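Taken in sequence, the protein lines are chains A and B. Everything in the first sequence is counted per our numbering, starting at 1 for the first residue and increasing by one. Everything in the second sequence is counted per our numbering, starting at 1 for the first residue and increasing by one.
Keep in mind that the hints are not guaranteed to be accurate.
Stated by the list, open to error - With a cut-off of at most 20 Å between alpha-carbon atoms, the simulated PhoX-like pairs for lysine-lysine come out as follows:
#1 101/B with 24/B
#2 49/A with 162/B
#3 24/B with 49/A
#4 321/A with 250/A
#5 109/B with 157/B
#6 343/A with 37/A
#7 24/B with 295/A
#8 295/A with 162/B
#9 49/A with 231/A
#10 157/B with 321/A
#11 295/A with 321/A
#12 321/A with 162/B
#13 101/B with 162/B
Unchecked claim - Here are the simulated distance ranges between beta carbons:
#14 296/A with 62/B: 45 to 51 Å
#15 27/B with 87/A: 52 to 58 Å
#16 197/A with 24/B: 42 to 48 Å
#17 80/B with 68/A: 50 to 56 Å
#18 58/A with 62/B: 39 to 45 Å
#19 36/B with 250/A: 27 to 33 Å
#20 35/B with 25/A: 51 to 57 Å
What the hints assert, rightly or not - Quick partial rundown of chain A residues pointing at chain B, CB under 10 Å, derived from the structure:
#21 123
#22 125
#23 127
#24 208
#25 297
#26 323
#27 343
#28 344
#29 348
Hint data in this document are derived by calculation from the structure and do not stem from the laboratory. Quick caveat: nothing in here was measured; it's all calculated off a predicted structure. Built from N, CA and C at the ideal position, the CB exists for glycine as well.
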Amino acid sequence: MYQTSELEINMGPQHPATHGVLRLVLRLDGETIVEVKPVIGYLHRGVEKLSENRGYRSVTPLTDRLDYCAAFAENHSYVGAVEKLLGVEVPPRAQAMRVVLAELQRIASHLIWLATHGLDIGAMTIFLYAFREREKCLDLFEGYCGARLTYNALRIGGVPQEFPDGWTEALRRFLDELPTRIAQYETLLTGNRIWRLRTEGVGVIDARTALGLGLTGPTLRGSGVDYDVRKYAPYENYRDYAFDIPVGSKGDTYDRYLIRMEEMRQSRRIILQALEALPDGPILAKVAGRIRPPKGAEAYFMTESPRGEMSVYLVSDGTDKPYRVRFRSPCFNNLQGLPTLSKGHMVADVVALIGSIDIVLGCVDR
Amino acid sequence: MGAGSGEPRVYGRWDGPDTVARLKAEFPGAVLDSADFRGETTIVIALDAVEDVLAFLRDAPETRFDMLTDVTAVHWPARPQPFEIVWHLYSMPRNVRLRVKANAGPEPKVPSVVPLWPGAGWLERECYDMFGVVFDGHPDLRRILMPEDFGEWPLRKDFPLKY
């Protein structure tokens with residue numbers, strides 16, 4: 001009589017489909033997942049400890065290295081937290097410019113997600129297409145701040161410089177072609193039978209479980225919860241723009257895919273509105289050269305990063321160095337949902353699910 | 001708010017004095033302190049009341065904090081109770097946040113909130129890994145970011161940046 005016995009195998013930490021240095025210990029019954037145990041920490045650099053030993057301004061470049069696929073979003077959360085701690089009001093023009101850059105970052109980040117998610121499931125073409133457009137986003141970021149990945153594109157109190165000459169025109173050209181490009185991606189995937197077989201009904205999570213696990217971002221919205229920090233706790237001048245929060249109904253990998261596709265369109269919509277009504281005025285508020293918040297001051301500031309709610313919790317002891325810097329990263333919490341998502345699925349689905357929750361290990365391990 | 005209107009930025013709503021008063025009435029003596037800074041509400045509760053207060057905050061119809069966004073700690077070596085454990089709660093139906101703190105002694109031991117919010121699992125493991133805070137009742141309290149044999153608590157203030 002044949003009997004399958006459970007087998008424990010190791011996936012990663014050097015595996016092309018784990019998006020970095022993620023190690024998964026899989027307990028399998030045949031090809032069916034019995035249990036997934038993520039093992040993380042391979043990319044832990046002690047960013048919180050390092051941050052607590054340098055001046056407030058010197059922390060921003062470190063935040064670039066958290067989520068290196070969306071460095072701007074991490075800059076934004078940290079800088080926003082310091083501004084809240086100090087009670088600094090960012091000038092309206094800088095707020096609108098931040099929105100433009102943040103949404104461009106969301107598009108760039110979702111493009112790299114789409115490319116790798118597609119590649120993981122076997123759609124090679126989409127990888128090349130999405131990287132082509134992401135390249136243009138990176139060119140735009142390079143044009144603004146000189147860096148393609150680690151931007152450090154924010155200053156406490158505003159933004160470092162105006163958009164350079166010709167930059168907004170280049171951005172508009174990119175936004176003009178984007179809908180056609182997204183339609184192309186959708187032709188390749190949305191109705192594709194293989195894509196749907198690989199994603200529909202895979203990794204279903206209901207809203208209650210997702211909330212209990214602390215999932216945020218598209219991973220939570222896929223389950224039908226419309227939670228988005230930009231709507232629920234608007235920062236900068238997000239209130240001034242009309243945009244929709246796409247939500248799913250089934251909470252599977254396909255829903256999460258559709259949501260991110262729609263989010264790119266919504267981000268484009270926000271950028272166009274922001275460029276149209278870019279207020280005049282200064283771009284940097286006056287902030288003391290040496291930042292020393294009052295003793296015992298605390299601030300918790302969250303933004304909607306492309307991956308979910310990115311919060312920064314700061315505690316001051318009255319010196320010029322933050323006493324405690326806590327980065328609450330969306331990837332860390334979302335990855336915690338992976339064992340729940342993958343229970344009962346096949347080994348190949350784990351790869352689809354890692355892509356579906358869109359983790360960046362720099363952001364998980366900090 | 002917004003372009004040119006000069007109104008201050010809104011950073012999201014935080015729970016207010018009503019909940020603080022409600023907690024004081026429900027748990028006499030458990031609320032040690034409360035503060036409001038930059039619109040953020042913090043309550044400090046007694047360590048032995050952590051489980052009850054957090055369960056109440058999650059379940060009571062007037063609070064309904066259905067999401068635990070963060071668990072962390074702050075190390076104040078000079079204090080008699082050097083560890084400040086910080087929970088950040090969010091209530092999606094009410095769209096408000098709340099910060100709950102409790103102070104723990106030099107051998108910090110706090111009740112785990114995994115039974116209330118399963119998402120606390122990794123957050124508490126990280127807090128244990130970085131500060132050595134023991135979460136009593138945690139189903140799987142192991143190091144998460146540092147190697148298993150690391151043996152030290154890197155985010156404590158007495159842990160040096162370099163040797």
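Structure-based check of each hint:
no., hint, verdict
1, 101/B with 24/B, "holds, 15 Å"
2, 49/A with 162/B, "holds, 11 Å"
3, 24/B with 49/A, "violated, 36 Å"
4, 321/A with 250/A, "violated, 46 Å"
5, 109/B with 157/B, "holds, 18 Å"
6, 343/A with 37/A, "holds, 11 Å"
7, 24/B with 295/A, "violated, 27 Å"
8, 295/A with 162/B, "violated, 27 Å"
9, 49/A with 231/A, "violated, 32 Å"
10, 157/B with 321/A, "holds, 13 Å"
11, 295/A with 321/A, "holds, 11 Å"
12, 321/A with 162/B, "holds, 18 Å"
13, 101/B with 162/B, "violated, 30 Å"
14, 296/A with 62/B: 45 to 51 Å, "violated, 29 Å"
15, 27/B with 87/A: 52 to 58 Å, "violated, 32 Å"
16, 197/A with 24/B: 42 to 48 Å, "violated, 56 Å"
17, 80/B with 68/A: 50 to 56 Å, "violated, 42 Å"
18, 58/A with 62/B: 39 to 45 Å, "holds, 43 Å"
19, 36/B with 250/A: 27 to 33 Å, "violated, 42 Å"
20, 35/B with 25/A: 51 to 57 Å, "violated, 43 Å"
21, 123, "violated, 31 Å"
22, 125, "violated, 36 Å"
23, 127, "violated, 30 Å"
24, 208, "holds, 8 Å"
25, 297, "holds, 6 Å"
26, 323, "holds, 7 Å"
27, 343, "violated, 14 Å"
28, 344, "violated, 18 Å"
29, 348, "violated, 25 Å"
Hint compliance for this structure: hints 3, 4, 7, 8, 9, 13, 14, 15, 16, 17, 19, 20, 21, 22, 23, 27, 28, 29 are broken, all remaining hints hold.
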